[in-house]
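The whole structure should be built from the sequences, with the hints applied where relevant.
2 protein chains.
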Amino acid sequence: MTDKTFFNLHDLSQGIQRQLADGLETHIFPGENVMLSIVRIAPDREGEVHSHPEEQWGVLLEGSGVRVQDGQEHAVSVGDFWQTPGGVPHTFRGGPEGALVLDIFSPPRPEYRKAGSGFGD
Amino acid sequence: MTDKTFFNLHDLSQGIQRQLADGLETHIFPGENVMLSIVRIAPDREGEVHSHPEEQWGVLLEGSGVRVQDGQEHAVSVGDFWQTPGGVPHTFRGGPEGALVLDIFSPPRPEYRKAGSGFGD
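Chains as they are written, first to last, in the working numbering: chain F, 47 to 167; chain S, 47 to 167.
Be aware that one or more of the hints could be misleading.
Selected chain F positions facing chain S (in silico; Cβ < 7 Å) [claimed, not checked]:
#1 54
#2 56
#3 119
#4 120
#5 126
#6 127
#7 129
#8 133
Within a straight-line C-alpha distance of at most 16 Å, the following computed EDC-like cross-link-like pairs (lysine to aspartate or glutamate) qualify [what the hints assert, rightly or not]:
#9 F:160 - F:71
#10 F:50 - F:78
#11 F:50 - S:119
#12 S:50 - F:71
#13 S:160 - S:71
#14 S:50 - F:116
#15 F:50 - S:116
#16 S:50 - S:78
Don't read these hints as lab results, they were simulated from the structure.
What you are looking at is a predicted structure, and each value in this text was computed from that prediction instead of being measured.
We treat Cβ as the ideally placed atom computed from N, Cα and C, and that holds for glycine.
Given below as structure tokens:
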């Protein structure tokens, strides 16, 4: 796929690269109203709890882990997906084999429009 | 998962059901700024070409098929994803084993907030 509107989850040459935390790497695809972020989480690694005003959805594509959201822990398996309303504190802890998560932000998070590190808050 | 913000792609009891066309069934999850639609496409079935003002992204989760977009045909495999800007005519044709596609709309499509049939245009 070479068209600029067609991508693949496993093509690490695509998207804007960001290291969210040690063991959490993402490739970011900004649209007009929505932004996709393909997050690779190493085994047993976890980001810091954070929040932002943008609505977020997550889909667990590979592996397993724990979605920490609004002070509660939710064990998740492949195919699980979840909504995180704006302002709700959250993070994700990878399972023993790590995890691949599709995060969806709307509106796009302006902090994620450029390469860098951290959760941008 | 019983929490109303946690779902699974394969739980057919969840979401708002809509028959887009013969052989294309979806379960829709509206958020505030974004709407997810889990579309099951039967082998070799195809929807009608349509468009809408809302931005759309699609992710091929299972199977294979052809994304028809802006008059061009793009063969897609599992893990491929694509952006469809608002107003661009599009449809999807399932491959020989069918397809499971995650569609993402922003803003949410008002036509899809209730159960029904058709593409809503």
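A quick look at each hint next to the structure:
{"no.": "1", "hint": "54", "result": "5 Å, holds"}
{"no.": "2", "hint": "56", "result": "5 Å, holds"}
{"no.": "3", "hint": "119", "result": "11 Å, violated"}
{"no.": "4", "hint": "120", "result": "6 Å, holds"}
{"no.": "5", "hint": "126", "result": "5 Å, holds"}
{"no.": "6", "hint": "127", "result": "5 Å, holds"}
{"no.": "7", "hint": "129", "result": "5 Å, holds"}
{"no.": "8", "hint": "133", "result": "11 Å, violated"}
{"no.": "9", "hint": "F:160 - F:71", "result": "14 Å, holds"}
{"no.": "10", "hint": "F:50 - F:78", "result": "14 Å, holds"}
{"no.": "11", "hint": "F:50 - S:119", "result": "14 Å, holds"}
{"no.": "12", "hint": "S:50 - F:71", "result": "28 Å, violated"}
{"no.": "13", "hint": "S:160 - S:71", "result": "14 Å, holds"}
{"no.": "14", "hint": "S:50 - F:116", "result": "13 Å, holds"}
{"no.": "15", "hint": "F:50 - S:116", "result": "13 Å, holds"}
{"no.": "16", "hint": "S:50 - S:78", "result": "14 Å, holds"}
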